[in-house]
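Take a look at the letters that make up each chain.
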Amino acid sequence: GESVGLHLPTLSVQEGDNSIINCAYSNSASDYFIWYKQESGKGPQFIIDIRSNMDKRQGQRVTVLLNKTVKHLSLQIAATQPGDSAVYFCAENSPNAGKSTFGDGTTLTVKP
Amino acid sequence: GAVVSQHPSRVICKSGTSVKIECRSLDFQATTMFWYRQFPKKSLMLMATSNEGSKATYEQGVEKDKFLINHASLTLSTLTVTSAHPEDSSFYICSASRVGNEKLFFGSGTQLSVL
Numbered sequence: 001g002e003s004v005g006l007h008l009p010t011l012s013v014q015e016g017d018n019s020i021i022n023c024a025y026s027n028s029a030s031d032y033f034i035w036y037k038q039e040s041g042k043g044p045q046f047i048i049d050i051r052s053n054m055d056k057r058q059g060q061r062v063t064v065l066l067n068k069t070v071k072h073l074s075l076q077i078a079a080t081q082p083g084d085s086a087v088y089f090c091a092e093n094s095p096n097a098g099k100s101t102f103g104d105g106t107t108l109t110v111k112p
Numbered sequence: 001g002a003v004v005s006q007h008p009s010r011v012i013c014k015s016g017t018s019v020k021i022e023c024r025s026l027d028f029q030a031t032t033m034f035w036y037r038q039f040p041k042k043s044l045m046l047m048a049t050s051n052e053g054s055k056a057t058y059e060q061g062v063e064k065d066k067f068l069i070n071h072a073s074l075t076l077s078t079l080t081v082t083s084a085h086p087e088d089s090s091f092y093i094c095s096a097s098r099v100g101n102e103k104l105f106f107g108s109g110t111q112l113s114v115l
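Going down the list, the protein sequences come from chains D and L. Sequential numbering from 1 applies to the first sequence in the working numbering. Sequential numbering from 1 applies to the second sequence in the working numbering.
These aren't lab readings, by the way, just hints derived from the structure by calculation. There could be a bad hint or two in this list.
[Stated by the list, open to error] With the Cβ distance kept under 7 angstroms, some of the chain L side facing chain D (calculated, not the full set):
#	residue
1	24
2	39
3	43
4	49
5	107
Predicted, not measured: the structure shown is a model, and the values here were computed from it. Idealized CB from N, CA, C, for every residue including glycine.
Can you build the whole structure from these sequences, using the hints too?
Below you can see the structure in the form of structure tokens.
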């Protein structure tokens, strides 16, 4: 079956550095991808999304890159701050699936 | 932005009792809502898809008689954990989208502890 997985379960960075969180997906029919951030004890929050007709999308301090050839998605956070410490999930949607498939999550820890 | 409200945020109950969790979309209509279960340091596990005015669609392995879902209006879905047992203790989260197959807005989650 389809799966969305992350390469690394944890990532630790120094405050001010850039962070890169990776995600691999296996369903080549997926056409919409989303990154969510979940702080401890809370529900996930939308960060940024990208459709399969794009390979890059930028937001405020965040950039999502999509490589459909190798089915890889990444989230880049610029100038990482302590408030960025959280678990980050990628999710994929395929047409008519009616639901998102979530990856395992990467725990980002920002050291002051 | 879209807001999804989930209540209660935390509940402690005795084994054998039933617990109801509410999920409301405050500023938009949600024809579809989703219910998840999350274990510590784990990803979201989809339990069921809640469709307004029809029966919920449960994922494989999720007991529909154990986890009752009602989606009676476009802004409210409820999850009732019936005859709760300690193994039902978990973090339960709901989500909704404004348009089908789009980004999700999540509730704040409910931490259920069954004694």
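Cross-check of the supplied hints:
no.	hint	result
1	24	13 angstroms, violated
2	39	11 angstroms, violated
3	43	5 angstroms, holds
4	49	6 angstroms, holds
5	107	5 angstroms, holds
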